[in-house]
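K.L.:
Now for the letters of each chain:
2 protein chains.
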Amino acid sequence: MFKEKDFIYIDYTGKDKNTGEVIETTIEEEAKKAGIYSQDKKYEPQLVILGEHRLIKGLEDSLYTMELNEEREIEISPENAYGLRDPAKVRVLSIGELRKQGVTPFPGLPVRFSDGSMGIIKSVSGGRVYIDLNHPLAGKTLIYRVKVVKEIKEVKDKIQVLVKRWFPGVEQLTTELSEDQKVLKVIIPEKIYLETDLQTRKLLLARDVIKYVLEDLTVIFQESYTKSLINQ
Amino acid sequence: MFKEKDFIYIDYTGKDKNTGEVIETTIEEEAKKAGIYSQDKKYEPQLVILGEHRLIKGLEDSLYTMELNEEREIEISPENAYGLRDPAKVRVLSIGELRKQGVTPFPGLPVRFSDGSMGIIKSVSGGRVYIDLNHPLAGKTLIYRVKVVKEIKEVKDKIQVLVKRWFPGVEQLTTELSEDQKVLKVIIPEKIYLETDLQTRKLLLARDVIKYVLEDLTVIFQESYTKSLINQ
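These protein sequence lines are chains A and B, in that order.
Everything in the first sequence is counted per our numbering, starting at 5 for the first residue and increasing by one.
Everything in the second sequence is counted per our numbering, starting at 5 for the first residue and increasing by one.
These are calculated hints, taken from the structure and not from any lab test.
Put simply, identical chains are the same to the list, so a pair is met inside one copy or across any two.
Straight-line Cα separation of at most 25 Å, BS3-like style, residue types lysine-lysine; simulated pairs:
| no. | residue 1 | residue 2 |
| --- | --- | --- |
| 1 | K215 | K231 |
| 2 | K7 | K231 |
| 3 | K160 | K231 |
| 4 | K9 | K231 |
| 5 | K231 | K162 |
| 6 | K157 | K231 |
| 7 | K186 | K231 |
| 8 | K195 | K215 |
Input sequences plus hints: build the corresponding full structure.
P.N.:
And the structure:
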């Protein structure tokens, strides 16, 4: 049994119950078997902080009732996955309108509208193009096979997990947690001083550590300059 | 007598020796008298760190030989001001070319070229427009009336001057210089954590303090986050 703010790692494979089609997986072998393997994706157990709501509701809710190393198959209703399908969320355009924008419409083609919304062309007939704005998985019941493969318990390890989340690949970043766990000092390495999103990443790291690890913590970020650095 | 890295404040008024026209001044009354007063400009003594080369050479060079509260009139040759005039630096365009870009040419109009260079229309005749690319003050001998009104001597005061240079209007920024003057800690106030040029300003403040005040200093910048800040 896990509780809110627990840090766990899970492996999972999700399928469309109706078609059996694999929609996502953290396991390389499963991705290859299903023909959805991508070289750009990292296949490895995924960090879940319970209460973060980064997963679909049905999957995250089930995790609270599981144990470390337990594997389970879960059926998730559309309401607890990607929502119900709204038949009203269909736009109809003329073929001409799309052609003018350089798009040759065919079923299955994703379309982005100027307001940012996405749709998928469902059908083309009689000069008209029917575009479905529902999430592609809306209305579908899903089956997830999920295993809790690891739990992070120590405060220091949780902090490291969050550092890796917001500063991936930045090996030189060091942290010092005070004895009384009231102050976390984060030493930023000079090579990222001028990265444009540095301030945002500091804020997000501090937010996550305070929200999920030590709520009364003060997170202090330090950068230091010396003559040799200035003269580079 | 001042030396390199001294911090002084000067008031000055510079004129074109030939025409007597005032070209720049730090004194409000002089600006009004000369008809060049601008509401956007702050009329106040200007900080000079000797060796920074932010002033024209002839003016900065003279300051080394002056005393506090001394006032002096200096004649500066073009070579020590804005350079000699290069007669080859003139472009000729047809009136038609300029009109096409929406410009109605007349003498005195400043023009910016697509490569970023600036020029001033000298004359328009026979369908041709003559544009001078020399600095408007090139070739001119200048007369500066200059007074050294203040000197900053204390290390701590110099640091404050530089803080004000790079973080103007940021009253809440505090600094702590260690007893041995080896470490300067700069506490950044939260209201500027997300300003886009924060990292550049930190670098420039550290650079100036190390270059002009304490060369073996380590400048440490600190930002801290707590629950109340995260939840804002």
